[in-house]
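**Q** One letter stands for each residue in the lines below.
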Amino acid sequence: MNINATLIGQAIWFGLFIWITMKYVWPPLQKAMADRQVLIADGLAAAERGKHEQELAAKRAADALREAKEKSADLVAQAERRAQQIVEEAKGAAKLEADKVVAGAKAEIDQEVERAKQQLRERVSELAVAGAEKILRKEINASAHADMLIALKQDL
Amino acid sequence: MSAEGTLTTTGYIQHHLTNLAVCADSAKIDGVCSGFWTVHLDTLLVSGVLGLVVFGLMALLAGKATSGVPAGGQNFVEMVVGLVDQQVRDTFHGKSALVTPLAITIFVWVFVMNAMDLIPVDFLPTAIQVATGDSHLPFKFVPTTDPNLTFAMSITVFFIALFMGLKVKGFGHFMHEVFAVPFGLKLAPVNFLFRVVEEIARPISLSLRLFGNMYAGEMVFILIALLGLYQLPLALPWALFHILIITLQAFVFMMLTIVYMSMAAESH
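One line per chain: the protein sequences are Y and R, in this order. The numbers in the numbering used here rise by one with no breaks, and the one at position 79 of the first sequence is 79. Count along the second sequence from 1, then add 156; that gives the number in the numbering used here.
Treat the hints as calculated values from the structure; they're not laboratory data. A couple of the hints might just be wrong.
Sample of chain Y residues lacking proximity to chain R, with all beta carbon distances greater than 12 Å (derived) [said to hold, decoys possible]:
1. A58
2. A64
3. D74
4. I86
5. G92
6. D99
7. A107
8. D110
9. R121
10. A128
11. V129
12. G131
13. R137
Listed next, the in silico EDC-like pairs over lysine to aspartate or glutamate satisfying Cα-Cα at most 16 Å (straight line) [unchecked claim]:
14. K251(R) with D241(R)
15. K323(R) with E333(R)
16. K220(R) with D35(Y)
17. K323(R) with E422(R)
18. K153(Y) with E126(Y)
19. K220(R) with E234(R)
20. K31(Y) with D241(R)
21. K325(R) with E422(R)
22. K31(Y) with E234(R)
From the three backbone atoms N, C-alpha and C, an ideal C-beta is built for every residue, glycine too.
With the hints as extra help, turn the sequences into a complete structure.
**A** Below, the structure is given as structure tokens:
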């Protein structure tokens, strides 16, 4: 075991390697590891936040769904009511129209009947006059009884 | 083993425990370098190259580090660095930009140097001998079996702890601690003596622990290598067991350094 100048050389090597580690190895690694720690902490916090937000979103979605359901049920009920109403209205209108048509037809029929009656009356009186004429031609002077015949015609 | 059949067991062991010493011709005694101004070229080269490769690689990976999902090399480096950093956080409660890098350097460097022990004892020395053409060239490939290295590290740690104590506590407080703790100012010389013994014992125990463990481990590998064919069933179990020692010694050196730093930075 002989101690010699190697000691000095080794001390220089040792110092050099401490310097390298202190300057080029430790600081970048320490920084990288510290940064990663922050990154991981941030990531975990973000994940927690995301989870919370997702829960909120699920709740909101459920609310929206329920609201939509209620609204649609409302709409359907309203539509049914409206349809009923429209059917009722249509029924009323149809009845009114039918009544009108029936009334018009009745009036027309009455008119036709009246006209037919008139025509018949004229025909009957003509026929009566013609018959009477035929009878009277033989017995009376037409001109002498003209007043009476006209009066009769008017009565008919 | 060497190709020469005349090599004795003692010679083989000695050859494996000799460092490649280099010195000026004027410093040689009987043709052997033995003065202080001698340099163990193998220790310096292996530890330096290992350190440059490992810390260069770590610096490269750290430079490309992202805060995203770490992949491959970055993940591995972060794992090691994170482990060391956790130990520092648990033990050292002061604020210092130096302690964690120091602990990382010690753990990684000592670990890779110890790990050289797992390469079979004759592989690399023989390769060097073939490459240089000198079949007697000694070359130790485990730098931590050289006390020069372990003492260099522990003495550096000692000085860093000393300066940290001075910086954190201030000169007055530091001196008060040296002379007045634990027996009060009346027994200042005794306190000072206690303190000196304590401070000197630390780097010695720190370096000798690592050196002793690795030297003994290397010795067992050399002895196993002497058994010829029988080394095959023995070298593997010892290598597996040695992985534990390699890691443990690197960890202990790092841990004690952190403890010394925290003792220096905190008041008694």
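**Q** Determine for every hint whether it applies to the structure shown.
**A** Right, here's what the structure says about each hint:
{"no.": "1", "hint": "A58", "in the structure": "holds (31 Å)"}
{"no.": "2", "hint": "A64", "in the structure": "holds (39 Å)"}
{"no.": "3", "hint": "D74", "in the structure": "holds (55 Å)"}
{"no.": "4", "hint": "I86", "in the structure": "holds (69 Å)"}
{"no.": "5", "hint": "G92", "in the structure": "holds (80 Å)"}
{"no.": "6", "hint": "D99", "in the structure": "holds (89 Å)"}
{"no.": "7", "hint": "A107", "in the structure": "holds (99 Å)"}
{"no.": "8", "hint": "D110", "in the structure": "holds (104 Å)"}
{"no.": "9", "hint": "R121", "in the structure": "holds (119 Å)"}
{"no.": "10", "hint": "A128", "in the structure": "holds (129 Å)"}
{"no.": "11", "hint": "V129", "in the structure": "holds (130 Å)"}
{"no.": "12", "hint": "G131", "in the structure": "holds (132 Å)"}
{"no.": "13", "hint": "R137", "in the structure": "holds (140 Å)"}
{"no.": "14", "hint": "K251(R) with D241(R)", "in the structure": "holds (13 Å)"}
{"no.": "15", "hint": "K323(R) with E333(R)", "in the structure": "holds (14 Å)"}
{"no.": "16", "hint": "K220(R) with D35(Y)", "in the structure": "holds (14 Å)"}
{"no.": "17", "hint": "K323(R) with E422(R)", "in the structure": "holds (11 Å)"}
{"no.": "18", "hint": "K153(Y) with E126(Y)", "in the structure": "holds (8 Å)"}
{"no.": "19", "hint": "K220(R) with E234(R)", "in the structure": "holds (12 Å)"}
{"no.": "20", "hint": "K31(Y) with D241(R)", "in the structure": "holds (13 Å)"}
{"no.": "21", "hint": "K325(R) with E422(R)", "in the structure": "holds (8 Å)"}
{"no.": "22", "hint": "K31(Y) with E234(R)", "in the structure": "holds (11 Å)"}
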